[in-house]
Amino acid sequence: MAVALVVGAATAQQADLAVALDRAGGVIRVRGKLVAEALRTRPADELVRVFVAEAGAEAPAVGGSYAGEGDAIVFTPRFPFEPGIAYRVEWDEGAATMTVRAGKVVPGGTTAVARIYPTADALPENLLKFYLHFTAPMSRGEAYSRVKLLDESGKAVEAPFLELDQELWDSEGRRFTLFFDPGRIKREVTPNMEAGLPLKAGRSYTLVVSREWKDAKSSPLRREARKTFRVVPADRTPIDLKTWRIAAPTAGSRGALEVRLGEPVDHALADWMIEVMGSDGPLPGRVELTESESVWRFVPDVAWKAGNHQLRVAVTLEDLAGNKVGRAFDVDVFQKVEKLSQTRKMMLPFRVDAPR
Amino acid sequence: MTRFLFTLCLAASAAMAANLTDSLKAGKPALKSASVLAFGPEGILFVGDSMGAQVVAIDTGDRKASSAAGVELKGVAAKVAGLLGTAPDQILVNDMAVNPLSRNIYLAVSRGRGPDAAAVIVKVDTKGTLTEVALDNVKHSAVSLPNAAAVDAKDRRGQSLRTEAITDIGWVDGRVLVAGLSNEEFSSNLRAIPFPFQTADNGSSVEIFHGAHGRFETNSPVRTFLPYKIAGEQHLLAAYTCTPLVKFPISALQPGAKVKGVTIAELGNRNRPLDMVSYSKGGKPFILMNNSSRGVMKLPANGLDSYKGITAQTDVTGVPYETVAAWKGVEQIDGFDTKTVSMLVRGEDGSLDLKTVEFP
Chain A
0 MAVALVVGAA
10 TAQQADLAVA
20 LDRAGGVIRV
30 RGKLVAEALR
40 TRPADELVRV
50 FVAEAGAEAP
60 AVGGSYAGEG
70 DAIVFTPRFP
80 FEPGIAYRVE
90 WDEGAATMTV
100 RAGKVVPGGT
110 TAVARIYPTA
120 DALPENLLKF
130 YLHFTAPMSR
140 GEAYSRVKLL
150 DESGKAVEAP
160 FLELDQELWD
170 SEGRRFTLFF
180 DPGRIKREVT
190 PNMEAGLPLK
200 AGRSYTLVVS
210 REWKDAKSSP
220 LRREARKTFR
230 VVPADRTPID
240 LKTWRIAAPT
250 AGSRGALEVR
260 LGEPVDHALA
270 DWMIEVMGSD
280 GPLPGRVELT
290 ESESVWRFVP
300 DVAWKAGNHQ
310 LRVAVTLEDL
320 AGNKVGRAFD
330 VDVFQKVEKL
340 SQTRKMMLPF
350 RVDAPR
Chain B
0 MTRFLFTLCL
10 AASAAMAANL
20 TDSLKAGKPA
30 LKSASVLAFG
40 PEGILFVGDS
50 MGAQVVAIDT
60 GDRKASSAAG
70 VELKGVAAKV
80 AGLLGTAPDQ
90 ILVNDMAVNP
100 LSRNIYLAVS
110 RGRGPDAAAV
120 IVKVDTKGTL
130 TEVALDNVKH
140 SAVSLPNAAA
150 VDAKDRRGQS
160 LRTEAITDIG
170 WVDGRVLVAG
180 LSNEEFSSNL
190 RAIPFPFQTA
200 DNGSSVEIFH
210 GAHGRFETNS
220 PVRTFLPYKI
230 AGEQHLLAAY
240 TCTPLVKFPI
250 SALQPGAKVK
260 GVTIAELGNR
270 NRPLDMVSYS
280 KGGKPFILMN
290 NSSRGVMKLP
300 ANGLDSYKGI
310 TAQTDVTGVP
320 YETVAAWKGV
330 EQIDGFDTKT
340 VSMLVRGEDG
350 SLDLKTVEFP
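So the sequence lines, in the order shown, correspond to chains A and B. Each residue of the first sequence is one higher than the one before, starting from 0 at the first, in numbering that gives the first Met the number 0. Each residue of the second sequence is one higher than the one before, starting from 0 at the first, in numbering that gives the first Met the number 0.
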């Protein structure tokens, strides 16, 4: 969404003073005969002060620099003026006060939830997280008040999620990671024993993303988003690569390599923790996950060559319940990570054959 | 932000002061976000930058000792908004740290809420005056937080959606400790970074530990930690998001070593620990901890070595605590001096106030 700026009250006048907010130049100009006179004896930053009107009477002046230019004082703010905000300009310690505005924000409301992962309709009781993908960058600082989990009767599940002040976003602000409270998922810790799992097998739930959640331009979402799912028993089984089924394409084609994983996996991790290795290293190509993220497909940028290949899988790949390759979620570890990328990967060989 | 006993701080400064700031070079740090703050010796401010995946050490030059009393400031977010020329709802105060030398209070601020928000450090001096800490030309150095997995992610796709939130940072015995949590795999990292940072550090000097505690526990994220001496040995008290308080010796953070934490307190359900500070009152040591929903807790810190680990199989009682009933909505705490603690308090009307009061 583009913010449309309306000039509005970008100028103000009082007595012999004219104040103008120059949007293009990003400055406020205070002009008048009075200014020229005063500048002869006093510095510019003593004569004019700019404040955010909404910040209250005791707030400090807006940071920036003042310069005298003939019959004008020009204020250049440290950060650009914000549309929709009224700036109070004080002349000579309040001898005159004028307010200018940097324009109006036109309400947008075009951002929406693009997708919620995992996409499956049936999710394990010990589900570890959701990913919310948005169509445009979002605003921080309100995430946990904008999501709720409802049971079948429409009642909100109490405190199901791990709330972190930092909020787990990608660098573009378009993907939000929503972890369940791990204390309630892990066995034999107090929150789990007292409150139990937030999800119960056999029941259905709905994740609701409020329309009130604001995007990076402070506009609410276009519509509410919902994901309804039923809950199946907990998955406490590590990922077992021996159960994966690889269907290799034929040499000379750019057909998709298809790996049936046997269960849905974390789409974000599967996107980069599984690689195809040719004789010269990792093959470039496009990855997609289908069938509720239980099938990993890879289309190479160039045609397959006949010969031995390998699927390289990081052992830190997780399924929907946080079980990793060869290691369940509920285990006891506290150790230094040694060269994660080099040593903690497993290889699954496969052959690409010439067409018959 | 994490604070430690002042005695410790002074001992560290005396030993390290010789060339700590010498390692910092003038210029403009490329700060993408200011997530968490911690002071080291000599007025050096460590800024944990989650979006930039780095820790930046900044020489504040703010070393003049002060014995001023703590300031009270109402509507901190609104005042910061005024200074930065934006609306109060566009200001997020991410962390607060008191400079132990000057008693000036530093705030880690986001100006804006979107991914393009500016990272700003605001100083509140002992008179209550707010100024932006100028970063255009400041002595600094930075270390990137390595993530072997993410490097692979970038290789193939050119970009990665993976980030890591830094949940706490602290200075202890010549190292910066950094706790973090990934936005993809569920792993909690604790990094130990020697300071001064090595020249052109690509993160190779950083040791990464995956945290866990107790049987049936796993990579739980450390929300806040406190370096603390127990029976003469430097420990880390780590408070996890799922509420246990765990201790483990810092000396155990060695390459290849398996470190086992001992759970010494369970601080209640549906609650997140936020900050911890240590202090002493009436000759006795205490730890103060503020929480998301269980208020501010005061824990006696005497004989922390005597507590047996809490496990579900036993009925061991952990460190007892009392809740400071009068203190509500405390979002940030940091020790101001030996007698008082500075706090950012969220009022019922949603305003954020800075207060400095006597330790309970």
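Treat the hints as calculated values from the structure; they're not laboratory data. It is possible that some hints are incorrect.
[Stated by the list, open to error] Capping the alpha-carbon separation at 30 Å, the derived lysine-lysine pairs in DSS-like fashion look like this:
(1) B:K354 <-> B:K126
(2) B:K338 <-> B:K354
(3) A:K154 <-> A:K103
(4) A:K154 <-> B:K228
(5) B:K73 <-> B:K24
(6) B:K327 <-> A:K147
(7) B:K126 <-> B:K228
(8) A:K103 <-> B:K24
(9) B:K283 <-> B:K297
(10) B:K138 <-> A:K103
(11) B:K138 <-> B:K280
(12) B:K73 <-> B:K31
For clarity, every value in this text was computed on a predicted model and none was experimentally measured.
Query raised in the report: Hint by hint, which ones does this structure get wrong, listed from lowest number up?
Result: Those not satisfied are hints 3, 4, 5, 7, 8, 10, 11.
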